[in-house]
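Engineer: Okay, here's what each chain looks like letter by letter:
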Amino acid sequence: MLRPMDSTAPHILVVDDDREIRDLLGKFLEKQSFRVTSARDAREARKLWPLGRYHLVVLDLMMPGESGLDLARWLRSQSEVPIVMLTAMGEETDRIVGLELGADDYVAKPFNPRELLARIRAVLRRATADSSTDPGREPPAKVLRFAGWVLEPTRRRLLNPEGAEVPLTGGEYELLMVLVERPNRVLTRDMLMDLLRGRQAGPFDRAIDVAVSRLRRKLEDDGRNPQVIKTVRGGGYVLSATVERG
Amino acid sequence: MFRWLRWIWPRSLAGRTATVLLLGLVVVQVAGLTIHALDRVDLQRLQQARDISQRAFTLWRTLMQTQPDRRPAMLDEFELPPGLRAALDDEPAARPNYPPAPPPLMRLFRVEAVMSGPPRMRPREYRVSGGSRPGVMHLSLRFADGKWLNLRVELPPPRLWHSDTFLISFLLMTVAAAGLTLWAVRRMMRPVRDLAAAADRLGRDVNAPPMPEGGPAEVATAAHAFNTMAERIRRYVADRTQMLAAIGHDLKTPITRLKLRAEFLDDDEQRRKMLADLDEMEAMIVSTLAFARDDSAAEPSVPVDLAALCRTVLDEASDAATPEIAELITYAGPEHLTVSARPVALKRALANLVGNAVAYGGAAQLTLTPPAARLLRIAVADDGPGVPEGELENVFQPFRRLETSRNRETGGTGLGLPIARNIFRAHGGDVVLRNRREGGLEALATLPV
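From first to last, the protein sequence lines stand for chains A and B.
The first sequence begins at 1 in this note's numbering and counts up one residue at a time.
The second sequence begins at 1 in this note's numbering and counts up one residue at a time.
Here are the simulated lysine-lysine pairs, DSSO-like style, with alpha carbons at most 27 Å apart:
hint	chain 1	residue 1	chain 2	residue 2
1	B	Lys-273	A	Lys-31
2	A	Lys-47	A	Lys-27
3	B	Lys-252	A	Lys-27
4	B	Lys-273	A	Lys-27
5	B	Lys-273	B	Lys-252
6	B	Lys-252	B	Lys-347
Quick caveat, the hints were computed from the structure, so don't treat them as lab data.
Given the structure is predicted, the values throughout are model-derived calculations rather than measurements.
Chain A extracted, bound-state conformation (with noise of 0.2 Å):
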């Protein structure tokens, strides 16, 4: 069902097996200016994606017939659309396949839509942001590595360079995500804000120098001294260290 609409507004394709929370989610969406087009399963989703230009897809992943997860790996082949996925909790293998699969972000069912539309726009920001910038998205990293320690962002952990898991809290994971995919760019507070609302819901205005000293806490990065997240005068902070990607 495609409504005619600002047609400026970024366009999302919501794919769930419930029609009230397809017609919900859609109302909400419309709400916050979006357009949106709705699909009831894998088959429906086929059939509408080359009738419009998607800018999002909200898949959920448990879905009669054809699973989530194969058509996000259908819809990877076809193009680099963002892909939010609804997860049912607990399911952790689903989560990790889809974003290992490429999808750009989760959320967990039932989730709160403010939680999912902070979500939306921060993938969006981010997929405009870098096609401006790169010509091609680079596909998500499995692992990120930098000064001996190891970042999975699909499994949300860090390792230390003796291979043990250091535990984050969610904002502590994000604000390091950032860091880690900007590395030796300077980035001021105002930045770090910017590109951190959108995922972490959540008072984190006041938060950034608290978990920056806790990150490099947990990173054994000395405060008085840092090697890893340095401060750089006149506000901001810089990952120092060379990130690979594999």
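The hints should help you fit chain B onto chain A, whose structure is shown.
Structural biologist: Frame of chain A, contents of chain B only:
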């Protein structure tokens, strides 16, 4: 009355069986020994009596054939067996006023045989009488010259234990039989101990391997029954888990719908409250599912920085708390401590302990103590009112909540502590609660490394 019995009556089945068998063995041995000894005494008496009477007649015949004046010298040279004394006198030692000789002794010594010899060997006269003590007999025989040979006969006391080696071998036999009994009983009772161990394992882990169904028929039957029971329990647990998972899964869709619908409410206050209710519902479902599925068992153990894990849990708690309470959420311990654990499960367990401390105690002071004797300790203390002593263990029961917690509308499902304990126990540790002397409650968790 039989209080002393309690001292020797063992508690174990093997001990009791062995005791009964050994008591039986002792009774049989004592009876056998007694019969043997009595038999032996009879035989011994007969033999001694024969010996004495033969020697006595030999003495008589020898003295008869000797010149009367040489008789005392001959008597001195004669070797007499024990129990027989002889003397040459003018008067008979057996007097009519003495009690009569006991007939059994007379029979034993075959006194009448004195008169059955050839006529020239017979004494001119003989007298028999009892002695001063029972068991003593006097026999007086008159020579032709009028002198008397006085014989005093007394059976020596019977010697029950003829040889020392007999006693030693008897003892050895008893000890060997006792040892064999103990060994056999222990061996026969082993399946009972195995059964107890298997039941214990099943209590800890419902997926413990089944018992071997071998051995004697009764043991095999018991093992088979046990395995069947374990299988039923497993199926029951699986069914329950499946049911809870299905309920939890089916509730996700309506909760998602409600959350979306809430977004269309115009009243901001109502929307906020509705979303908070829905979040609480979701949290309950998540913890019920976590408890039912016990996913900690499925997660692999990996090396993890426990100090960072503790800090993460505390940081998340203080991010969610008001600034005043966040001040009271503290960490004490090493900067880094790598252990092998299941990070997701352990984080949940610690988050439950810290969450309780913050919700009911308004503070959370976590202390991580590095391993001593291969056991590390995590203490989470708060400043709250504590828990009544009698409830300290009960609050680990699923869905058990204290009245105070219900009244204060702090939320929660009554599953936080049971889940935390399940997780620590799955790691080989445990968690207990205690009231601090200085006030407040403390959760003490242990983890083996």
